[in-house]
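Protein chains in written order, with the numbering used here: chain A, 1 to 335; chain B, 1001 to 1369; chain C, 2001 to 2324.
Take the hints with a grain of salt, since some may be wrong.
A short list of chain A residues far from chain C (calculated; beta carbon distances all over 12 angstroms) [what the hints assert, rightly or not]:
{"no.": "1", "residue": "Lys69"}
{"no.": "2", "residue": "Arg128"}
{"no.": "3", "residue": "Pro270"}
DSS-like cross-link-like pairs, simulated, lysine-lysine; straight-line CA separation at most 25 angstroms [claimed, not checked]:
{"no.": "4", "chain 1": "A", "residue 1": "Lys69", "chain 2": "A", "residue 2": "Lys196"}
{"no.": "5", "chain 1": "B", "residue 1": "Lys1077", "chain 2": "A", "residue 2": "Lys15"}
{"no.": "6", "chain 1": "A", "residue 1": "Lys186", "chain 2": "A", "residue 2": "Lys196"}
{"no.": "7", "chain 1": "A", "residue 1": "Lys122", "chain 2": "A", "residue 2": "Lys140"}
{"no.": "8", "chain 1": "A", "residue 1": "Lys69", "chain 2": "A", "residue 2": "Lys119"}
{"no.": "9", "chain 1": "A", "residue 1": "Lys15", "chain 2": "B", "residue 2": "Lys1074"}
{"no.": "10", "chain 1": "B", "residue 1": "Lys1244", "chain 2": "B", "residue 2": "Lys1229"}
{"no.": "11", "chain 1": "B", "residue 1": "Lys1343", "chain 2": "A", "residue 2": "Lys15"}
{"no.": "12", "chain 1": "A", "residue 1": "Lys140", "chain 2": "A", "residue 2": "Lys196"}
Because the hints were derived from the structure by calculation, they are not lab data. Cβ atoms here follow ideal geometry from the backbone N, Cα and C, with glycine treated the same way.
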Amino acid sequence: MLEVRDLRVEYLSQKGPVRAVDGVSFSIAPGEVLGLAGESGSGKSTIAHALLRVLRPPAIITGGEVYFKGKDVLALAEHELEDFRWQDISMVFQSAMNSLNPVMRIGDQIADVLVRHKKLSKRAAWQRAGELLDVVNIDKKRLDAYPHELSGGMRQRAVIAIALALEPPLMIMDEPTTALDVVVQKEIMQQIEELKEKMRFSILFITHDMSLMVEFSNRIAIMYAGEIVELAGAREVFENPLHPYTKGLINSFPPLTGPKRKMTGIPGAPPNMAEPPKGCRFHPRCTMCQPVEGERRPKLQEVLPGHWLAYHEGIPGVNVKGQAVKNLNPPGLVF
Amino acid sequence: MDTHNNPAPIEQQTPSPETVDIAIPSPEGSTGLSSRQELPVEVEGTPAGQIVVTPATLPVPTRQRLIWLRTLLKNPKALVGIAIVSIFILVAVFAPVIAPGDPTEFVDSPNLPPSATHLFGTEGQGKDVFRQTVWGARTSLFIGFVTGLIITVVSTIIGMSAGYFRGRIDDVLTLLTNLFLVMPGLPLLIILSAFLAPGTGTIIGALAFTGWAFGARVKRAQTLSLREKDFVAGARVGGESSFKIIFSEIMPNMISIIMGSFISATTYAISASTALAFIGLGNVSEVNWGTNLYWSQNNGAILQGAWWTFVPSGLCVALVAFGLSFINYALDEVTNPRLRAEKELNNVLKGKNFRKTRTRATPVYRQPR
Amino acid sequence: MRYILRRLGFYLIAFWAAITLDFFLPRLLPGDPAATIVGSGGQLDPQQLQAVKEALGLSDQPLILQYFTFLTHAIRGDFGISYSNFPAPVFSVILTGLWWTLLLGGCSVIFSFLIGNLIGIFGSWRRGGAVDSFVPPLLVLVGAFPPFFLGLCALYLLGFQLRWFPTRHAYEDTLTPGFDLAFFGSVIQHMLLPSLVLVLAHLGGWALGMRNTMVGILAEDYITMAEAKGLTQNRIMYRYAARNAMLPSITAFGITLGFVLSGQLLIEQIFSYPGLGFLLISAVQKLDYPLMQGLFLMITLAVLVANFIVDIIYTRLDPRVRAG
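With the rest of the complex left out, here is chain A (with noise of 0.2 angstroms):
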């Protein structure tokens, strides 16, 4: 449904460009949830806003192609884009405080999208924004209530539901729950499971919580420094995570079933993204990894059925259970 190829994300600057995304591929089915973890600054974020091209100037996206459903989204001119954005993807933004605007009752927020694609009239639209909050459990009166008269957890229900508001094939979550706290965090998703299940779309699920995104994600792709590392089948990833840098972000969560682990982190800093190592950016915090692998950049491969990993044939720090397959495809083709 969602297609990605080697999508490239600068930012400008006056010391040169910065590569936020660099060449990342994936594709996302219909009903399917796609979890995309990394560390922040890692481009999760970037991807997201670029797949809406929501994000400005100084960022440009400088190459790659993004397709839904046969549409090619990067092509799009203006007027076709607004009508794209929403009614195809819609997106839960991280902070739900400073993604409401602060002087515009939550009604009028969850109508407006409903007048602007469905050119309902506004009393339609405010009547369908009371069964949008009745679907994430809100009171119909709050309607009429200002964001700041919501609680944490109330203003990211009534962000999810303009976000259902068109019940748009995929939806892209951008660390729905991260400023919540753990209860309220557990209440959400739980429900956001639940409309899934009822509504069928497809998510692009993206955070930096392991445990949560294990539980929730059908497949995750691990991103670090703007590139995908490794990507597979969610229990897969976790039990048999291949690339050093999926360890680590592995390692450095307690797991939530099972035997207890001892945590390690990662050692090192995420690289400056201005000067991005060469070769494999993981390289200088990598504990496997050989001084030789600085000349060329290691490219995503098929490992395993179903599970595609970045790493350099031959060098003998990765241990790859299986053989490793001619890479054929990029990984969205798998589907």
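Based on the hints, put chains B and C in the right spot on chain A.
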């Protein structure tokens, strides 16, 4: 002209907290999100009525080194401003050389238009307008700079004490500041000057009395946020005296703000003192730009069509004000991270072809590869 | 509501401070204030002089009692008799000017606010476009001119040389004020040039202020979300961006009122426009001390009331303040 022609700007050689990270409004930029708060707003401005509204969180005060001063001296706006103001200071200093003779002397018949003998013509009583304009710079600039200095000292003391000590002191000083902000300045100035003994000292005093509140407000806000910074908190925990913290930790980081407020205060003092002199308050026998305008008006210059008697002095006031505010804009550009980022963005985007397209969607700009 | 009450309290304090200042000012006069003030009221008969002394609290009583006498009279609007408009009481003289000042000031302030903010909104929306690149620097240049100098130039050029506008007073001298078209037409015609000057003088401040706020607001998440929602550009610009950017602009509106009025005082003088500024300056020139004191209080009161109205508007526009 632009700094980006220089391959190694100073900023790169001396890393400081504000120059290391590139100002990129990335959606993931945690700095951008955490420093953003709700919308309380600081209004800075000059009492002359020019206002600049900026969200209170910007500029985010950081430990400033004096890098901005060097950057400022490369800023074209600042250079233009400094050049204009310097020319006028030189004119004031060298008035006896540039326009020799007594400006109050009656030299010719009244209301002569500009000519070779009288560059700017003569005014309604037959005095030489060129001499009056040149000599007028002396008092006008003197009043301006002295008042600017007094206002800066007063507003710095009041603003910093309010911001640093907080509590009761802050309540009282803030109330006082707000009272003076809401009081209409010129009427107060007018009746002050009308009631007090006339003279330059009175004018300076009255100007300072009515003009300190704006600067105090801005400095209070800045002190409040600097106070919470690690290096100040550290000094406080370390048992340094308040006096020492204020002068050695906070003050050095406010130099640019203090300088900005000195410039605004000077601009205000020059415009307001001219206005006062124009309506005949102050010493009308003295020669300054304001009294020149007063006599021009009094001698019916407009009715006589003698535009040359009021245009030079008024233009001088405007030019000095313009030069000073140019320096201030440049100062803002150099020290305000948001404006700096914007300027950088403009430089980066210069000449890119998607700049001209009217789209607000993310530009797709495929490089030929 | 709490917010409004707090503001109201502040304005009451400010008004009291203005009265107090007004009381002490004459007592700063060199020599004997009573002698100086009363001395300039040459043509008043002893009884009228006594009334002035009474109103201004100029008596042999202790200072504190003088102060209370003054306070009670000031609150009633009683400042005695205007020397220069003998024998009219100060209060009625002020009333003749008040309406003209409110008319001229109100119109020019509202127009400069609206036009300036619109320029700011458009400039920031198409950053780097024509409106953004050329208009603000031009307005800054115009704004550097003292308003009264702009007024002098406009009066000379457009009034006396080109004769496009009347050069003095608030309406044609031959007309008698009344509810007829000729009178209103004349009033508007006389207001045009002074308000044009005032609008020009203050436009740059509004435009730049609005532009800077807009640039900050456009980086907010709710703007990105509005874009992502596929809303039309107009809706995002007005309902999302400008609607929020207006709030600081309105706060600034209240604060600058005092300065705008200051500029207007001199403009009134130049155009012989019979408002409070014209009255104040002629009172100064004629040493009409009671009128000066009364005018100062009345002008302050006008500014405070205007500020209070702005506060009420602000609470209507910002739901966050309304609730608090």
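With d taken as the least Cβ-Cβ distance between A/Pro270 and chain C, does d exceed 12 angstroms? Given a closest Cβ separation of 23 angstroms, the condition holds.
Could you grab the alpha-carbon distance between B/Lys1077 and A/Lys15 and see if it respects the 25 angstroms cut-off? Holds, at roughly 23 angstroms.
A/Lys186 paired with A/Lys196 [C-alpha distance capped at 25 angstroms]: This hinted pair holds, its Cα atoms lying about 15 angstroms apart.
Far enough from chain C: is every CB of that chain over 12 angstroms from the CB of A/Arg128? holds (15 angstroms)
Taking only the CA atoms, is the gap from A/Lys15 to B/Lys1074 under or equal to 25 angstroms? Since the Cα atoms of A/Lys15 and B/Lys1074 sit roughly 18 angstroms apart, the hinted pair holds (cutoff 25 angstroms).
Between B/Lys1343 and A/Lys15, is the straight-line Cα distance small enough, at 25 angstroms or below? holds (14 angstroms)
Say whether it holds or is violated: A/Lys69 keeps its Cβ farther than 12 angstroms from all Cβ of chain C. holds (16 angstroms)
Measure nothing beyond the straight line between the CA atoms of A/Lys140 and A/Lys196; if it is 25 angstroms or shorter, mark the hint as holding. holds (22 angstroms)
Does the alpha-carbon distance linking B/Lys1244 and B/Lys1229 stay inside the 25 angstroms limit? holds (16 angstroms)
Between A/Lys122 and A/Lys140, is the straight-line Cα distance small enough, at 25 angstroms or below? Between A/Lys122 and A/Lys140 the Cα gap is close to 16 angstroms, so the pair holds against 25 angstroms.
25 angstroms limit on alpha-carbon distance, applied to hinted pair A/Lys69 and A/Lys119: Cα-Cα ~23 angstroms, so holds.
Quickly compare the C-alpha distance for A/Lys69 and A/Lys196 to 25 angstroms and report which way the hint goes. Holds, at about 19 angstroms.
Going down the numbered hints, you'll see the structure goes against none, and every one checks out.
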